[in-house]
Structure formats: C-alpha cells, structure tokens
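Participant: In order, the protein sequences belong to chains A and B. Residue 52 in the numbering used here sits at position 37 of the first sequence; the count goes up by one each step and never skips. Residue 332 in the numbering used here sits at position 288 of the second sequence; the count goes up by one each step and never skips.
It is possible that some hints are incorrect.
[Unchecked claim] Going by beta-carbon spacing under 7 Å, a handful of chain B positions derived as facing chain A:
id, residue
1, L210
2, G244
3, S460
4, T463
[Unchecked claim] Computed Cβ-Cβ distance ranges for the label pairs, DEER-style:
id, chain 1, residue 1, chain 2, residue 2, range
5, A, L127, B, L62, 52 to 60 Å
6, A, L127, B, P441, 33 to 41 Å
7, A, R94, B, V58, 47 to 55 Å
8, B, T47, A, V119, 47 to 55 Å
9, A, L93, B, T47, 40 to 48 Å
10, B, T47, A, R94, 49 to 57 Å
11, A, L127, B, W445, 54 to 62 Å
12, A, S45, B, V58, 43 to 51 Å
13, A, L124, B, P421, 24 to 32 Å
14, B, G137, A, G90, 33 to 41 Å
[Claimed, not checked] Just so you have them, the derived chain A footprint on chain B, three or more residues with Cβ under 8 Å:
id, segment
15, 191-203
16, 211-224
These aren't lab readings, by the way, just hints derived from the structure by calculation. Here a beta-carbon is modelled for each residue, glycine too, at the ideal position from N, C-alpha and C.
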Amino acid sequence: MSAGQAVASLVAAGTIITALAVLGTRYFRSQLWAYVFQSAILAAYTGVVAVLDGHPDLFWAAGVTLLVRAVLIPGILLRVARALPGRREEALIMSTASSLLVGVALVVLAALVVSAFATAAVYPALLAGLSVTLCGLFLSASRPEAFPQLLGLLQIENGQFLVTVGLTPGLPLINELVVLFDLVVLVVVIGVLIRLMTTRYATGNTATLDRLRG
Amino acid sequence: MLTACLAVPLAYLVLAWLVPARWLRPLAVAVGAAVLGLALAVTAAVLTRGPVTGWGGILRVDGLSAVVLVTVSVVVFGAALHALGYFEVERLGAPRERAYAGLWAGFSLTMLAVPMFGNLGVVWMLVELTTLSSAFLVAFEGRPESLEAAWKYVVVVTVGVSLALLGTILLYYSAVPVLGNVFSLSWPLLQRHAGELSAGPLRLAFLLVVIGYGTKTGLVPMHTWLPDAHSEAPGPISAMLSGCLLNTALYGVLRILPIARPVLGGYPDAVLIAFGLLSLVVAAFSLRGQTHMKRLLAYSSVEHMGIVTLGFGLGAPFFALLQMVNHTVAKSLLFFAAGNATQATGPGIDRRRGLLWSMPLTGLAVLVGGLAITGAPPLSLFPSEFGILRAAWSSGPWLAWLYLLLLAIVFVAFVSRLTALVFGTASGVLGSGQRARIGITPVPPAAAGGADIGDGGAAAEADGGHASPVAAVSVTLFLALLLALSVVTPQALVRLLELASRALGGAA
C-alpha cells in the first residue's frame, strides 16, 4: 500500500465515522462539531493530495475548505442557533439508534456500488465520498428541523469534494469555482431562509411548514 | 451576439438599483424583447452557419442549445409583459419592486447562460445559480406558505442538483483513461470521445445526472418541491419556473445523453423511459382533486416533463423537443391567465367557477390553453404527443397502450377541472352584477398604497375582481402564439428541431 492509499484509507475512516456520528445524535452542537471535524479532515487530505500528486492549486482549495467549512459556516450556524429559543434537542421522526443503523446500511450500499468499478487506488476516497453523501442525504430527508437538514446538505457537499479530490485531483479550475459557488448558495439562500423562518415561527422546525400538501 | 444576449439582462440587473422605480417595468419589457430578438438571431445563425461560438470557444450554441435558448427567451419576454399587470394590481411599492426586478434579471440571466456554455462544469454551476435567484422569487409574496415552498424548493433542489455534480465528476473520471489527468470538461470534446469512456463510472454518472437534474426538471419521485414552488410564486415567475427552468434543467441531462449512449447502449434510454413513465403515472393521478388552479397546472408540468423524458428515452427526440417547445408556450399562457384570475378572485378553482363569463379573455385563454395542454387534436401539443405514441408503439404495444391510458386519465381529470373553472355559473365570489372584464374595469386609484397588499386576492375581490388592462397583453400575445403554432409549425422551427435531434443522435 502506497503512502497515498494509506492516507486515503485513514481519511475515509475518519469522514465516515463523523458522518455516522452526526446521524447518531440529536444535539445540534455535537453534530456541528462532528461536521467541523469532518471538514478539517477533508482540508488536511486535500493538502496531502496536493503534495503527493503534485497539484499545487489544491493547496488553495485546502485553505478555502479549512477556512470556510471548518470555521466560517459553523460559526455562522452557531450564531443563528443562539438566536433561536433555548431548546437543545432536535425533534426526531426516527430514533437516533435506527438512524445510525440506516447510516451503516448506506455505507454498505456505497461499498457495493463502488466496488463494482473502482480501482484500489481510488476505492477509499470514492467509498467515503459516496457514504458521506448518502448519509447527508438521509439526514436531510429524515429530520424535521431546519438545522439538521442544512447540515445534511453541507455533508453532501463534503462528500462530493472528497470524491473530486480523491478521484480527479486534476479537475481544472472548476474545483475551486465549485467550492465557491456552493458556499454562495448555501450561505446566502439558506442563511437568509433560516433567518426568515426564525422570525416567522420562532423555531427552526420545518414540521410547522406543512400547509402545502398533495 | 451571445455576449449581448447575456449582457442585456446583466445591464438590467445593475440598472434595477439605479433607475427610477417607474421605469423598471417598461425597461424589463425592453430587456425581454431584446433578449428574445438576440436569441432568435443566434438561432438563425445556427441554422445557416452551424454552431455559434464566443469567448474563444467557451460559449458554444448548437441546435439543441438554441431550442432551449429560444424557449427561455420567449418566456422571459412574456414574464416581463405579465409583470406589468401583476404589479399594477399588487402595488408593492418601489423597494420590493426593485428587488423583484433584480432577482428577475438574475434568474433570466442564469437560465439564458445555461445552454450557452460549452463546459459541463459551468453548466452545473449555472443550474445551481438559477436556484439562488429563484428561491427568493418563490418566497416573494412573503406568506408563510411561500416561505415554506421556498425552503422546500431550496433543500430538495440543492440536494438533487448536488448529485448531478457527483455525476459530472464521475463523468470526468470515466474519461481520464482516454484524455489524461487534466482536460476541459467540455461536451464537444467528450462527445468526440464518447465511444472510449469507461462504462462502470459512466453508468453511475448517468444515473446520478438524471436524478440530479431530474430533481429540477420535476421528474417523479424528486418532484415534491414543484407544485409548491409553482403555486406560491408570483404569476410571472410561475410561468418562468414551468416554461423555462424545467427545460434548462433537462438540458443538463440531454447534453450527457449522446455522450453516454455509445458505451452504455440501451441503458440511458431505459432510465429515461422509467423516470418518464413514473412521472406520467403519478402526475395523472395527482391531477384529480386539485382544488388550486396553479397546483393543477404544476402537476400538469410534471406530466409533460414525464412525456418529454419518455420521448427522449424512446428515441423520438424530434417530437420530444416539439413537445417541450409547445408545452412552454401553452403552460406560460395558462400561468399568465391563472395569475390574472388569482389576482382577481383568489387561487381556488371552485370559488371562481364561470371564468368565461366573469373574465372573458382569461376564460378563453384558460379554455384554449387547457385543451391544448391535454393534447386535444387540432391544437399544438397533439402532433408531438401523437409522435411519441408512435415511437412507443414501435418499441412495444403494451407501452403504447399504457401511455394512451395515462393520457386519457390526464385528459378526463384536467378537463373536468377545466369545465368547472371556465363554464360554471358565476355565482361564487363574483356576483353576476359585478363582472370584471379585462380592459374595461378601471384600475382603482393609487390610494391603496403599499400597506395591506400582502393578501392581493382579497384586496382585489373587494374591488369587484378587477384585472388591469395591461394584464391582457401577455395573455393575448401567448394565445395568438399558441393558435399560430397549432395551425402551422414554422419551417424554421422544424429545421431547428431536426438539427437538435441529430445532435441527440436520433432520427428526425
């Protein structure tokens, strides 16, 4: 196993564990810390790939990732969370234990899909990226409140970034632009929407948003 | 020419913050007309000289791009016209109108740009950006329901479209063995090497791209945001969502289709047929029992996107594109008419029975547009729906019978709602003595101001269900366009669609 593969395996383990950790708790702060940890791992991995594969422009992407996904976004979310009335536990549709089980099943599914075509060199990154994406997807689909839904979305972005860096580190320029544009969309639209909702409902619970049916 | 087509809405985006508020609406109409003119000029150039490029090959418009470009610009122009009447009734005040103008320009700009760029990564970014500007437009009227719709729209669509990015990355990966580690993700390049991509990642890539862009196209089961967003958005925006946004999202799938086909064989078509049929089934049964006019139209959009997707999957790209073009015109007409009716008497279907008697032009538009949208014979959507039926028949009679059965269910469901709406006795909210007729009822004095307009429907009801005279312009224009397209399909359109279907690798 080369050094690159060893690092990729370690990164895969770390990101999958953090993704499952988010599913396994109902405390927003714990989820946010897991996300921060995940983003930090991602940034470090990007840096390592930049050195090993010789893509100096990836350093820039690593820096942006660290700054924005591990510091800026969590910071903004914490501030918005403080403005909300003082509940700490999220409402749940499915218990955290069952969510965790589904999460594990999704990781197995990702492994099945990926092993169909991935070479040994890209297997860890692809597996982790797809797992994190699926866990994020499940999180945003299964939680009734706005914050975990948003966190699910952010995790999907992380998963994709992982796939990009692990699979196609040479993807030109688009790499950075994608990172940037995602952030614009997420912060501006969703940040504003949460603000709107908190002023309207004084809660981030989208379960009260149920007038439109059929 | 391509640059100008993008520069005009961009200039308006800037000007929206500078010019006096009373200039905003006429200027928007001018922008819409300019964009439409430029798009038609680009299309003419594509027809005579082949693909138009710009910015050293970064911009690239071929037949398929031109089809999408034209549908977008037609509705952008229509929406600008319709906004004249919308703001005449709503009277929201200068700051909100300025915000609307800026968002409208941004929304138009991003949608116009999607079919112009030759790089699939940029196309993905632009599709994502259309969500940004339109989310605020969906929430524009500020009711709790509109906020709910906007939230759902952003979350569902962003999640969906991010899967398309994953698909795009895998597409890149599938080309790495052929093109090396660093190359441009441009579709002409990938199309040239389409036969050499590696099948494994490409298979997953295509599925993810269809799910991703399909979310924004409104394909079932990712369609859940669509009826909410379409029904809660202001009238002009509903038309833009249905008439162009869905097309631009589908464009993302169509670009990948000829790249995926050579290696994957029948797999891409099977995926498209499955999603198309599922959308058609679910929409057909959801149309029944809709009591909200714009929701009815929204489910009809799901149905039509299903038919279009099915048509592409069946290898009948000409008719699928024809269906797309005609759906754009007919659905925009219906949303404009529905917008006028909603502003006059509220969104419900039952409350507004007898539209033909209370608002004759709107009623006529709903009747003709509604019949067209169900594919009733002499009107414009019949030939394309029939063409897709023939394609279905040649790939399997059971498919054709299923398709026909579903169209019949749609027809019954839609027409039953339509007759209640159009012909019923005008005994609901409007008394027979207070018939509002477009172009005759004077607009009430400006005293209404900008204070209590949040509930526009109720405010208008109190005035006896009026609609502004300018509201008739967009409806009349699109009604004429729909009837013209029913009588004759212009030769230029036929040639354009043939060109586009060749790009998709199908027989015309």
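Participant: Give a verdict on every hint.
Facilitator: Going down the list of hints, with the structure as the test:
Checking B:L210 against chain A: minimum C-beta separation of about 5 Å stays under 7 Å; hint holds. Given the 7 Å rule on beta carbons, the hint for B:G244 holds: about 3 Å separates it from the nearest Cβ of chain A. For B:S460, the interface hint is violated, the least distance from its beta-carbon to any beta-carbon of chain A being 17 Å, above 7 Å. Using the Cβ-Cβ criterion of 7 Å, the hint placing B:T463 at the interface with chain A is not satisfied: the shortest such distance is roughly 21 Å.
Restraint check, A:L127 to B:L62: a C-beta distance of roughly 57 Å satisfies the suggested window 52 to 60 Å. Between A:L127 and B:P441 the beta carbon distance is about 36 Å. The supplied range of 33 to 41 Å therefore holds. Judged by the Cβ atoms, the range 47 to 55 Å given for A:R94 and B:V58 is violated: they are separated by roughly 31 Å. A C-beta distance of roughly 52 Å is found between B:T47 and A:V119, which places it inside the suggested range of 47 to 55 Å.
At roughly 43 Å, the beta-carbon separation of A:L93 and B:T47 lies within the given 40 to 48 Å, and the hint holds. Between B:T47 and A:R94 the CB atoms are about 41 Å apart, so this pair departs from the stated range of 49 to 57 Å. Between A:L127 and B:W445, the C-beta spacing of about 36 Å breaks the proposed range 54 to 62 Å. A beta carbon spacing of about 45 Å between A:S45 and B:V58 agrees with the range 43 to 51 Å that was offered as a hint.
In this structure the hint that A:L124 and B:P421 lie 24 to 32 Å apart at CB is violated, the actual value being about 48 Å. In this structure, B:G137 and A:G90 meet the distance hint of 33 to 41 Å, their C-beta atoms being roughly 35 Å apart. Remark: the segment 191-203 of chain B is confirmed as covered by chain A, as 10 of its residues place a Cβ nearer than 8 Å to a Cβ of that chain, reaching the required three. As drawn, the segment 211-224 of chain B meets chain A at 5 residues by the rule of a beta-carbon pair under 8 Å; at three or more, the given contact holds.
Consistency note: the structure conflicts with the earlier hints numbered 3, 4, 7, 10, 11 and 13.
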